[in-house]
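Kindly generate the complete structure, drawing on both the sequences and the hints.
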Amino acid sequence: ISETIVNKGPEKIRPECFELLRVLGKGGYGKVFQVRKVIGDHTGNIFAMKVLKKAMIVRNAKDTAHTKAERNILEEVKHPFIVDLIYAFQTGGKLYLILEYLSGGELFMQLEREGIFMEDTACFYLAEISMALGHLHQKGIIYRDLKPENIMLNHQGHVKLTDFGLCKESIHDGTVTHTFCGTIEYMAPEILMRSGHNRAVDWWSLGALMYDMLTGAPPFT
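Position one of the sequence shown corresponds to residue 200 (the working numbering), numbered consecutively onward.
Calculated from the structure, these hints are not laboratory results. Don't take each hint at face value.
Result set (EDC-like, lysine to aspartate or glutamate): computed pairs, CA atoms no more than 20 angstroms apart in a straight line [as the list claims (entries may be wrong)]:
1) K346 - D283
2) K225 - E269
3) K277 - D362
Written as structure tokens, this is what we have:
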């Protein structure tokens with residue numbers, strides 16, 4: 200994991216630069232913490248710290264590839280509706296990604312609370328998601344896991360795409376890939392049929408997400 204490209208300036212970023220505040224989420228390979236920076240630049244600012252265990256990741260080649268893809272894409276892609284990677288560093292046994300903290304929580308939780316969205320609310324979110332997907336596609340990246348759980352909201356209520364582990368890079372016009380991945384309820388038919396797919400699968404998923412927002416459940420469930 201390269202630290203020099205993301206971590207601008209002479210400051211040496213290490214775990215001790217951050218105070219752990221609470222656990223935001225847990226997974227098979229690590230945890231996400233809410234942290235406060237206590238040393239150097241951005242002192243006092245709140246971030247989300249994603250901590251991954253190297254020993255767990257390297258057991259599986261796919262997991263290693265997904266982790267590298269997420270790190271590379273977060274480093275490369277800067278967009279108002281995509282989560283921002285602030286720092287990246289590692290220790291002997293762990294990888295650390297320091298991301299902007301998104302206090303609005305998951306779109307999934309908001310949809311759970313409200314049941315359905317009014318059309319103008321759905322249009323607002325879908326427009327911002329479309330812009331984020333379009334930006335990824337311009338860079339040759341397919342997202343491939345669009346669902347409410349992977350869409351966060353910032354303190355102003357704007358969308359931020361997160362979780363880029365299933366993305367595929369270097370997919371341009373005429374290029375297809377065959378990996379079976381994603382979430383079934385939002386997955387395009389060509390992925391299910393393993394017939395080869397391109398960036399069009401993200402627009403299928405957006406349509407399924409729109410249906411979910413307006414009816415309270417994904418189509419075909």
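Item to check | Pairwise hint evaluation, D283 against K346, where the allowed Cα distance is 20 angstroms at most | outcome: Status holds; Cα separation ~19 angstroms.
Item to check | Pair hint K225 and E269, alpha-carbon separation not exceeding 20 angstroms | outcome: 17 angstroms, holds
Checklist entry - Taking only the CA atoms, is the gap from K277 to D362 under or equal to 20 angstroms? => result 14 angstroms, holds
In this structure, none of the earlier numbered hints is contradicted; all agree with it.
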